[in-house]
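A.B. asks: Fit chain B to the given chain A structure using the hints.
Chains as they are written, first to last, in this note's numbering: chain A, 1 to 136; chain B, 137 to 274.
If you are wondering where the hints come from, they were derived from the structure by calculation, not from laboratory data. Take the hints with a grain of salt, since some may be wrong.
[Claimed, not checked] For each label pair, taking beta carbons as the anchor points, the in silico distance ranges come out as:
hint	chain 1	residue 1	chain 2	residue 2	range
1	B	Y144	A	I7	23 to 29 angstroms
2	A	E27	B	K187	34 to 40 angstroms
3	A	E24	B	L214	21 to 27 angstroms
4	B	L255	A	E88	48 to 54 angstroms
From the three backbone atoms N, C-alpha and C, an ideal C-beta is built for every residue, glycine too.
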Amino acid sequence: MVYLTRIEHFNAAHKLYNRAWDKEKNEAVFGKCANENWHGHNYELYVTIKGEVVEETGFLFDVKELSSLTKQFVLDKLDHKNLNVDVEFLKGQMCSTENLAKAIWKQLQPHLPQTVQLHCIKLYETPRIYVEYFGE
Amino acid sequence: MENKVSVYRREHFNAAHRLNNPAWDETTNETVFGKCNNPSYHGHNYEMEVKVTGKPSPDTGFVIDLKVLSDIIRDNVLEKFDHKNLNLDVKEFENLNPTAENIVVTIYNILRQKINDGLDLQVRLYETPRNFVEYPAK
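Looking at chain A on its own, in the form it has when it is part of the complex:
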C-alpha cells in the first residue's frame, strides 16, 4: 500500500453565519468570522490517495490525472469564489473548514477509478489552522 498526495490551492471569500440565529448570537459564536460582508482565505488543499503500485507504470495513479480531476470537480468551483454565494455543492451548509473538507471529499471521490481509494482530504484555512477528513 502506497499513499500519494497532491497539493493544490485556492482563494475564496466566506463568512460563518447561521441564518436561523440573530446577529447577536452569530457574533457571540463566530466572532469576527460572522462579518456580514465576508472575509477570505488562501486555502491549501492536500488530496491523499492510497492503493497498490501498478507494475507496468510504477504509478499508484497518474498524478496529472489526479490534478485534472481536482481542478475540474473542486478548484474550478471554489477558486476566487464566495463559498456562501457561488458554490452549488455548499448550498445550505455552514462554510466551515470542516464542512468544506467533507464536501471536497464528496466532490472528488466518485471520480476516482476503483483501483485507488481516497484516503484523506487535508485542508488548511490559514497556515496555522487545518482539518483532516478520512471519509469516516
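C.D. replies: Chain B in isolation, oriented as in the chain A frame:
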C-alpha cells in the same frame, strides 16, 4: 548607514476583496482582472512584514520596542483590515482598487504616521505565499 539595524515584525490578517475599476465596463474588468473581478468577492490570508531601521538607542539597546511596534500594527492596521471586506469595510478603499500594491502603500501610510520620523520604515505584504509586494521600493 553605520550602526543601523533593521528589526522586523510579522503579522497576518484575513480579508475578502475584489478587483474592479468602476470607470470600465464589465467586459474590460473581466479581461483585465479575470477571476479577481468576481462580484461576490474572494479572499486571502495576507501576511505582512514591517521593517523598521535605525540606530539602537544607547539606553535600551532597541531600534524600536517590538511590543510597541506590535501594538501599533494591531491597533491601526489589523483592527481595520482583519476579517473585513476591503472594498466594503475599509474607508481607504472606497475609491481605491484594493490590489496588493495599493494595500501595501495604504498600510505604509498608516504606520508612517505612528512611527518616529528618525526611523526608516518598509512594508512587505504577501497576498498569497507566492505573490508579494514591498513599499517603498528600494
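A.B. asks: Please list, smallest to largest, the hint numbers that this structure does not respect.
C.D. replies: When the structure is compared with the hints, none of them turns out to be violated.
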